Amino acid sequence: MAQKKGGKSAASDDPEELARTPLQAVLLADTFNLKFRPITLERPKVLLPLVNTPMIDYTLAWLESVGVEEVFLFCCAHAEQVKEYIGNSHWGQSHAGFSITTIESNFSMSAGDALRFIEGKNVIRGDFILITGDTISNMSLTEALQAHKDRRKKDPDTVMTMFVKRSKPMPLTHQTRLGNDEIMMAIDPETKQLLYYEDRFDCSKRAVTLDKSLLADNASLYLRTDLEDCCIDICSPEVLTIFLDNFDYQHLRRHFVKGLLHDDIMGKKIYTHEIDSSYTARVDNYRSYDTISKDIIQRWSFPLVPDVLYAGNRAQMRLQREGIYKAPDVTLSPSVRIGAFTAIGSGTIIGENSSVSNSVIGELCTIGRNVSIDGCYIWDSVTIEDGCRLSHSIVCDGVHLHTGATLEPGVILSFKVEVGQNITVPAYSKVSLLPQPSKQDSDEELEYADTNSGIIDSPSIASISPANIEHDHVSSFDTEQSVLLEGGLSGVGYIWTSCETGNEEEWRYSVAPIPVEKLKEFYAKMFDEDESSSDGEQTGITHSGELISESKSTDFDDSDGEYKGDVSKFEKEVEETFERALGGVAEENVQLEINSLRMSFNVTHAECAGAVFQSVIKSAIIASNSSKSNLLKATIDAIERSKGLLSYFITNVDEEIEVILKFEEMCMEITREFAPIFSSVLHQLYDKEVITEDAILKWESEKADADESDKVFVKQSEAFLKVFSHLNFSTGVSVLQRLYGAMTSLKLL
Amino acid sequence: MDPPMDFQVVVLAGGTSDKLSPLVSKELPKALLPVANKPLLSYPLELLEASNLKNIIVVVEGDEAATQVESWLSVAYMDRLNVEVVKTPGDVGTVGAIRAVAPFLISTDILIVSGDLVSDISPGAIAATHRRHGAAVTALFCPAPVSGGADSSTSGGKDKAKKPSRCNIVGLDPTRQFLLHVVSGAKVEKDIHIQKRIVRAVGQMEIRSDFMDAHVYAFKRTVLLDVLEKENLYSIKQDVLPYLVRTQLRSEISAKKENSADESSNGATKELPSEDININSAVPSNQNLRWLSQHREIAPSSYQDIHISDCDKNKSRLAKKTHKCCIYLSGKTQYCARLNSVQAFGDINRDMLGEASRITGYTFSAQNNVVHPTVVQGAKTTAGGQCIIAEGTILGDKCSVKRSVIGRHCRIGSNVKIVNSIVMNHITIEDNCTIQGSVISSNVQIQERASLKDCQVSAGYVITAGSEYKSEPLTKR
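Residue numbers (this note's numbering), protein chains in the order written: chain A, 37 to 785; chain B, 6 to 482.
Source of the hints: derived by calculation from the structure; they are not laboratory data. Keep in mind it's a predicted model, so treat the numbers as computed, not measured. Check the hints yourself; a few may be wrong.
Using 30 Å as the maximum straight-line C-alpha spacing, the simulated DSS-like pairs for lysine-lysine come out as follows [to be verified]:
hint: 1; chain 1: B; residue 1: Lys-235; chain 2: A; residue 2: Lys-739
hint: 2; chain 1: A; residue 1: Lys-751; chain 2: A; residue 2: Lys-698
hint: 3; chain 1: A; residue 1: Lys-330; chain 2: A; residue 2: Lys-554
hint: 4; chain 1: A; residue 1: Lys-698; chain 2: B; residue 2: Lys-235
hint: 5; chain 1: B; residue 1: Lys-24; chain 2: B; residue 2: Lys-422
hint: 6; chain 1: A; residue 1: Lys-605; chain 2: A; residue 2: Lys-654
hint: 7; chain 1: B; residue 1: Lys-24; chain 2: A; residue 2: Lys-248
hint: 8; chain 1: A; residue 1: Lys-228; chain 2: B; residue 2: Lys-337
hint: 9; chain 1: A; residue 1: Lys-330; chain 2: A; residue 2: Lys-189
hint: 10; chain 1: B; residue 1: Lys-337; chain 2: A; residue 2: Lys-248
hint: 11; chain 1: A; residue 1: Lys-734; chain 2: A; residue 2: Lys-679
hint: 12; chain 1: A; residue 1: Lys-605; chain 2: A; residue 2: Lys-71
hint: 13; chain 1: A; residue 1: Lys-698; chain 2: A; residue 2: Lys-654
hint: 14; chain 1: A; residue 1: Lys-119; chain 2: A; residue 2: Lys-190
hint: 15; chain 1: A; residue 1: Lys-248; chain 2: B; residue 2: Lys-195
hint: 16; chain 1: A; residue 1: Lys-190; chain 2: A; residue 2: Lys-157
hint: 17; chain 1: B; residue 1: Lys-195; chain 2: A; residue 2: Lys-294
hint: 18; chain 1: A; residue 1: Lys-452; chain 2: A; residue 2: Lys-330
hint: 19; chain 1: A; residue 1: Lys-304; chain 2: B; residue 2: Lys-195
hint: 20; chain 1: A; residue 1: Lys-189; chain 2: A; residue 2: Lys-201
hint: 21; chain 1: B; residue 1: Lys-195; chain 2: A; residue 2: Lys-605
hint: 22; chain 1: B; residue 1: Lys-24; chain 2: A; residue 2: Lys-228
hint: 23; chain 1: A; residue 1: Lys-330; chain 2: A; residue 2: Lys-304
hint: 24; chain 1: A; residue 1: Lys-228; chain 2: A; residue 2: Lys-190
hint: 25; chain 1: B; residue 1: Lys-92; chain 2: B; residue 2: Lys-31
hint: 26; chain 1: A; residue 1: Lys-608; chain 2: A; residue 2: Lys-724
hint: 27; chain 1: A; residue 1: Lys-119; chain 2: A; residue 2: Lys-189
hint: 28; chain 1: A; residue 1: Lys-747; chain 2: B; residue 2: Lys-31
hint: 29; chain 1: A; residue 1: Lys-751; chain 2: A; residue 2: Lys-739
hint: 30; chain 1: B; residue 1: Lys-235; chain 2: A; residue 2: Lys-751
hint: 31; chain 1: B; residue 1: Lys-59; chain 2: B; residue 2: Lys-422
Just some of the chain A residues that point at chain B, by a computed CB distance under 7 Å [as the list claims (entries may be wrong)]:
hint: 32; residue: Ala-243
hint: 33; residue: Val-244
hint: 34; residue: Lys-248
hint: 35; residue: Leu-251
hint: 36; residue: Ala-255
hint: 37; residue: Tyr-258
hint: 38; residue: Leu-259
hint: 39; residue: Arg-260
hint: 40; residue: Asp-262
We treat Cβ as the ideally placed atom computed from N, Cα and C, and that holds for glycine.
Build the full structure now, drawing on both the sequences and the hints.
Laid out in structure tokens, this is it:
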């Protein structure tokens with residue numbers, strides 16, 4: 037193609053590279069995720085049609101256009117289908133622009149495994165392009181490839197150049213457009229070196245932490261959230277070796293890129309190349325499928341557009357006005373209304389008074405009368421009977437919709453599903469002839485695992501489905517997999533429950549446009565996040581909004597924050613342990629467990645005592661049913677019950693004071709219901725000999741200099757304290773303490 | 006000349022800084038320390054006058070220092086500027102200083118300038134930027150000086166090994182107009198935490214560690230007063246500015262501001278425009294508009310419509326909860342330095358003789374020096390390039406002065422070499438002395454054959470004949 041010489045000249049201009057290696061590419065024809073389930077159970081993702089052409093054709097056409105000479109096609113799931121497709125297409129023929137070699141492995145569970153496998157084949161000789169088979173691009177590689185080679189000459193530690201693209205500026209749209217997560221990258225403005233990478237924006241963390249060494253080495257850097265990862269990389273052969281050395285690297289980005297960035301010892305460097313005007317996108321989920329299809333119809337990906345790129349053996353579609361693509365042999369009844377940006381494949385027949393808009397219809401489809409199709413992707417040989425309404429759905433090959441069926445937005449109908457008469461398929465349902473794999477193998481942990489490979493599924497395909505298909509007509513499925521099309525005369529298929537993403541996230545990845553409410557929710561969430569993020573420890577603002585001077589307390593701020601985090605974690609652990617203890621674990625074991633927790637979290641004895649006490653009090657809340665009298669009683673009971681445990685952990689005055697302070701803190705923050713009965717509980721603690729008078733007096737004197745607001749509980753306990761100091765006096769214990777207490781109370785007045 | 010802007014200027018002149026010992030004393034507060042024979046404070050004041058900012062409050066630490074500064078001001082600027090001196094006790098920090106003058110602040114915007122700023126950056130431009138954006142705060146940042154070496158500030162980027170010293174870490178938006186993140190003080194050396202939602206709001210944040218806070222801030226008065234109500238603030242640079250920058254997307258001050266704005270509009274004729282109006286009335290460049298749309302209105306317009314129609318209350322609440330923090334970056338050719346150490350004192354004086362001589366206002370002669378006509382030079386005495394010798398000074402025979410500043414009414418004997426040094430007023434230097442790289446305060450007597458290298462001599466000190474000193478501060482016991 038036009039740019040073909042680009043790659044070649046780039047390589048041959050290089051005088052040092054006398055033994056010129058041909059430009060190689062590794063094409064991963066498997067995405068190692070489940071996002072296109074259930075469709076991918078039956079057909080590999082790379083062969084799914086994107087505006088009536090399999091995705092892999094786009095990728096291969098691009099590779100050809102940039103001058104790649106050798107392509108290694110890695111297949112895993114449905115390898116046979118991929119191989120067969122390549123064998124029959126013109127890519128496999130000798131007149132193609134490159135030689136294509138398929139590498140098949142049934143045991144690879146991730147991109148990392150795939151690359152290790154390829155390394156084992158020993159076929160990569162120089163820099164290569166790493167791309168997945170679902171990437172659409174029309175960019176030129178010349179410049180980036182040259183830059184990569186130049187960098188490698190200067191610094192052999194350069195291992196990879198990642199292509200990135202500026203995304204839409206609005207945060208709301210650039211996340212929702214392709215349904216991807218936001219990516220945060222830090223890039224050196226001059227060298228374009230990638231310094232920090234964070235995908236899957238972790239919402240719980242509201243701040244990015246950049247290591248100090250990053251800024252020590254770079255006077256300036258760009259922190260960007262407005263970039264999309266194109267998922268196309270130029271890799272040095274070392275990349276394969278690195279994967280081999282780090283056998284736990286699975287994901288290209290999450291493990292490999294992050295691993296290299298965190299690794300100071302090897303010093304491998306990754307660079308980015310920002311493309312500006314050309315088009316690149318990856319079909320990662322249904323939403324991006326929708327977006328990219330529209331982009332292709334609107335010709336952003338030129339020359340990879342339907343009327344240019346077509347390798348099928350039927351008549352090619354032609355572009356007409358208003359972005360309508362139509363094959364010449366389409367049969368349309370005169371009353372059919374075709375809206376803008378629609379593609380209709382060869383041999384398709386559409387009946388009277390039907391309307392089609394913003395949709396793609398494949399080949400050899402039969403569409404009846406009064407059908408309305410909006411925003412749908414209808415693949416080949418689909419039969420839609422009269423009066424059906426389809427909006428924003430994906431309908432795979434061979435599906436049959438009986439009269440009057442309705443597809444609500446976001447529906448996915450996998451191969452050969454039938455929907456009965458006048459049935460409405462609810463929004464976001466995924467229907468397949470194959471049952472949903474049982475829960476175990478849809479575990480989230482297996483996200484990288486390739487369950488598509490059929491190892492796990494094939495028995496179920498073989499054994500269950502034929503039986504079920506017969507049963508379908510009477511709608512008798514096993515109970516676990518919910519079934520639809522009840523009442524339908526001839527419904528066939530299972531409704532999948534969404535296991536992977538969870539129902540509430542369904543809208544994000546669906547082909548359907550995002551409902552207004554969801555957008556609002558999303559928008560509100562973004563602000564809520566803002567609101568609630570007082571992010572105390574880093575910014576020096578506490579929840580009450582008061583400001584902590586940074587200039588004075590800088591040195592302690594950070595360490596303190598971390599430390600506090602640990603303590604609260606510790607408290608939680610203790611609480612859990614304690615709850616288990618209530619279930620009847622021997623006291624010694626609980627002591628042992630808490631002690632070991634204390635050591636592993638490295639907290640002080642006093643803090644440990646506080647945590648134990650907190651757990652006791654919390655158990656009292658649960659025991660009481662939130663009435664005040666109950667609460668006091670429950671507290672007394674709880675203290676009585678855990679007396680042994682408390683006295684084990686509360687051994688000296690310091691720890692006792694910590695307990696009182698903890699209790700006070702709880703009364704003010706977490707468990708306000710205790711506030712009115714603070715003094716009674718204190719009294720109880722004293723009676724039960726959990727805490728001694730020394731501690732109470734010390735606590736009182738400690739509080740003497742505190743703010744008025746802090747003294748609420750001291751005042752509440754005043755009566756008790758008075759009695760107490762009197763008692764103290766008569767017994768003659770710690771006269772000094774008492775004196776001190778008296779003095780401070782004088783000061784108070 | 007432009008009409009005067011509705012800006013009040015607070016100049017923080019400091020007192021007798023420890024960092025500048027032994028050069029400063031009760032008799033000579035920092036503000037009056039001579040730089041190229043002019044009191045330090047005159048530099049910011051001249052600069053402000055040039056921008057027609059004439060409502061100035063000078064805050065001085067300590068009674069005696071205040072008296073000194075006041076008497077100097079009354080002579081020097083009586084008829085030119087509307088200057089008031091306010092004194093504060095020592096060690097209250099910059100925030101304390103502003104608190105002290107808070108009752109006097111009446112205009113819409115307040116410009117706070119450090120009294121030790123030697124620069125040719127127009128404060129008017131900063132004020133204008135501030136107004137244009139309707140910002141809550143605008144801060145001036147300049148490229149950080151390159152650290153290390155005596156001639157550091159002139160060496161630029163010649164030596165690659167010398168990295169600019171890291172004073173601050175700033176986060177800027179792509180147009181470099183807005184301040185999105187700031188780190189100062191001891192935190193600079195730590196890992197930095199950047200709030201994601203601020204990055205998200207702009208898409209791209211440039212983080213730089215080679216800019217320095219030049220201690221010039223324009224504040225909206227209401228914002229400033231609100232912030233001052235908070236406790237635990239000490240320094241504007243380390244507390245107030247980071248606080249405002251951090252909270253720019255969830256402002257706690259704006260709501261209050263609205264009220265106080267109403268109050269002020271009742272009384273005063275000049276109404277403080279609300280933030281939204283300000284955005285519209287500004288005439289930002291295209292890029293700026295784009296940025297604003299991103300930064301201010303997080304949701305794209307179409308979605309926003311939905312939102313407004315539905316959650317009207319919510320929206321208005323959200324809209325109020327932002328304020329803008331702007332940055333004014335000085336150009337590379339502009340000079341900007343703060344005199345906050347003995348090292349800086351030497352550097353700035355040298356810069357005044359060399360690259361930044363335009364700031365001094367002197368006319369350099371053909372020999373590239375400034376010698377007052379009343380100076381008496383003995384036979385074979387040479388005043389080389391980059392020298393300033395003030396009135397009434399008498400130089401003996403065979404003297405040589407290079408790259409130095411000599412103050413008023415000094416008596417310098419024969420065969421004296423003064424290189425790379427600053428000699429203040431009323432100093433006696435006897436015959437055959439050598440002075441290199443040193444700072445000699447006023448009224449010092451240097452007896453014959455003394456040799457000083459890289460020393461700082463405090464006022465009134467007597468250096469005995471024949472003594473030699475190297476790299477020492479010399480103070481009166």
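Verification of the hints:
For the hint pairing Lys-235 (chain B) with Lys-739 (chain A), the CA-to-CA distance comes to about 24 Å; that is within 30 Å, so the pair holds. Only pairs whose Cα atoms come within 30 Å are accepted, and Lys-751 (chain A) paired with Lys-698 (chain A) is accepted, the gap being roughly 17 Å. Distance check on the hinted pair: Lys-330 (chain A) and Lys-554 (chain A) sit about 22 Å apart at the alpha-carbon level, within 30 Å; holds. Distance hint between Lys-698 (chain A) and Lys-235 (chain B) is fulfilled; the C-alpha atoms sit about 28 Å from each other, no more than 30 Å.
For the hint pairing Lys-24 (chain B) with Lys-422 (chain B), the CA-to-CA distance comes to about 28 Å; that is within 30 Å, so the pair holds. At roughly 16 Å between alpha-carbon atoms, Lys-605 (chain A) and Lys-654 (chain A) fall within 30 Å of each other, so this suggested pair holds. Of the pairs offered as hints, the one joining Lys-24 (chain B) and Lys-248 (chain A) holds, with about 28 Å between alpha carbons and a cut-off of 30 Å not exceeded. About 24 Å separates the Cα atoms of Lys-228 (chain A) and Lys-337 (chain B), which keeps this hinted pair within 30 Å; it holds.
Proposed proximity of Lys-330 (chain A) and Lys-189 (chain A) is contradicted: the alpha carbons are some 41 Å apart, above 30 Å. Taking the CA atoms of Lys-337 (chain B) and Lys-248 (chain A), the gap is about 26 Å. The hint holds against a cut of 30 Å. Taking the CA atoms of Lys-734 (chain A) and Lys-679 (chain A), the gap is about 22 Å. The hint holds against a cut of 30 Å. The hinted pair formed by Lys-605 (chain A) and Lys-71 (chain A) fails the criterion: a straight-line CA distance of about 35 Å is larger than 30 Å.
At roughly 12 Å between alpha-carbon atoms, Lys-698 (chain A) and Lys-654 (chain A) fall within 30 Å of each other, so this suggested pair holds. For a cut-off of 30 Å, the pair hint linking Lys-119 (chain A) to Lys-190 (chain A) is broken: about 40 Å separates their Cα positions. For the given pair, Lys-248 (chain A) sits about 5 Å from Lys-195 (chain B) by alpha-carbon distance, which is consistent with the 30 Å threshold. Restraint check for Lys-190 (chain A) and Lys-157 (chain A): the C-alpha separation of about 29 Å stays at or below 30 Å, so the hint holds.
Of the supplied pair hints, the one linking Lys-195 (chain B) and Lys-294 (chain A) holds, its CA atoms being roughly 21 Å apart against a limit of 30 Å. With a CA separation close to 25 Å, the supplied pair Lys-452 (chain A) and Lys-330 (chain A) stays within the 30 Å bound. The straight-line distance between the Cα atoms of Lys-304 (chain A) and Lys-195 (chain B) is roughly 24 Å, inside the 30 Å bound, and the hint therefore holds. Using a Cα cut-off of 30 Å, the hinted pair Lys-189 (chain A) and Lys-201 (chain A) holds, with the two alpha carbons roughly 25 Å apart.
A threshold of 30 Å between alpha carbons decides the hint, and for Lys-195 (chain B) with Lys-605 (chain A) the separation of about 24 Å falls inside it, so the pair holds. Annotation: proposed proximity of Lys-24 (chain B) to Lys-228 (chain A) is violated, straight-line Cα distance about 41 Å (limit 30 Å). A C-alpha spacing of about 39 Å is found between Lys-330 (chain A) and Lys-304 (chain A), which places the hinted pair above 30 Å, so the restraint is violated. Proximity of Lys-228 (chain A) to Lys-190 (chain A) is assessed by CA-CA distance (about 15 Å); at most 30 Å being required, the pair is judged to hold.
Distance restraint check for Lys-92 (chain B) and Lys-31 (chain B): the Cα-Cα separation of roughly 14 Å lies within the 30 Å cut-off, and the hinted pair is therefore satisfied. Restraint check for Lys-608 (chain A) and Lys-724 (chain A): satisfied, since their Cα atoms lie roughly 25 Å apart, inside the 30 Å limit. Taking the CA atoms of Lys-119 (chain A) and Lys-189 (chain A), the gap is near 37 Å; set against the 30 Å cutoff, the hint is violated. Annotation: proposed proximity of Lys-747 (chain A) to Lys-31 (chain B) is violated, straight-line Cα distance about 46 Å (limit 30 Å).
Note on Lys-751 (chain A) and Lys-739 (chain A): the hinted pairing holds, with a Cα-Cα distance of about 10 Å set against a maximum of 30 Å. At roughly 28 Å between alpha-carbon atoms, Lys-235 (chain B) and Lys-751 (chain A) fall within 30 Å of each other, so this suggested pair holds. Restraint check for Lys-59 (chain B) and Lys-422 (chain B): the C-alpha separation of about 43 Å exceeds 30 Å, so the hint is violated. The criterion of a C-beta within 7 Å of any C-beta in chain B is met by Ala-243 (chain A), whose closest approach is roughly 4 Å, and the hint holds.
A cut of 7 Å between beta carbons decides the hint on Val-244 (chain A): the least distance to chain B is about 5 Å, and the hint holds. Taken as an interface hint, Lys-248 (chain A) checks out: its beta carbon lies about 5 Å from the nearest beta carbon of chain B, inside 7 Å. Look at Leu-251 (chain A): its Cβ gets to within about 5 Å of chain B, closer than 7 Å, so that hint holds up. For Ala-255 (chain A), the interface hint holds, the least distance from its beta-carbon to any beta-carbon of chain B being 4 Å, beneath 7 Å.
Using the Cβ-Cβ criterion of 7 Å, the hint placing Tyr-258 (chain A) at the interface with chain B is satisfied: the shortest such distance is roughly 5 Å. With 7 Å as the threshold, the beta carbon of Leu-259 (chain A) comes within range of chain B, its nearest partner Cβ sitting at about 4 Å, so the hint holds. Hint status for Arg-260 (chain A): holds, given a least beta-carbon distance of 5 Å to chain B, under 7 Å. Evaluation of the Asp-262 (chain A) hint against chain B yields a held restraint, the C-beta minimum of about 3 Å falling below 7 Å.
Hints 9, 12, 14, 22, 23, 27, 28, 31, counting from the list given before, are not met by this structure.
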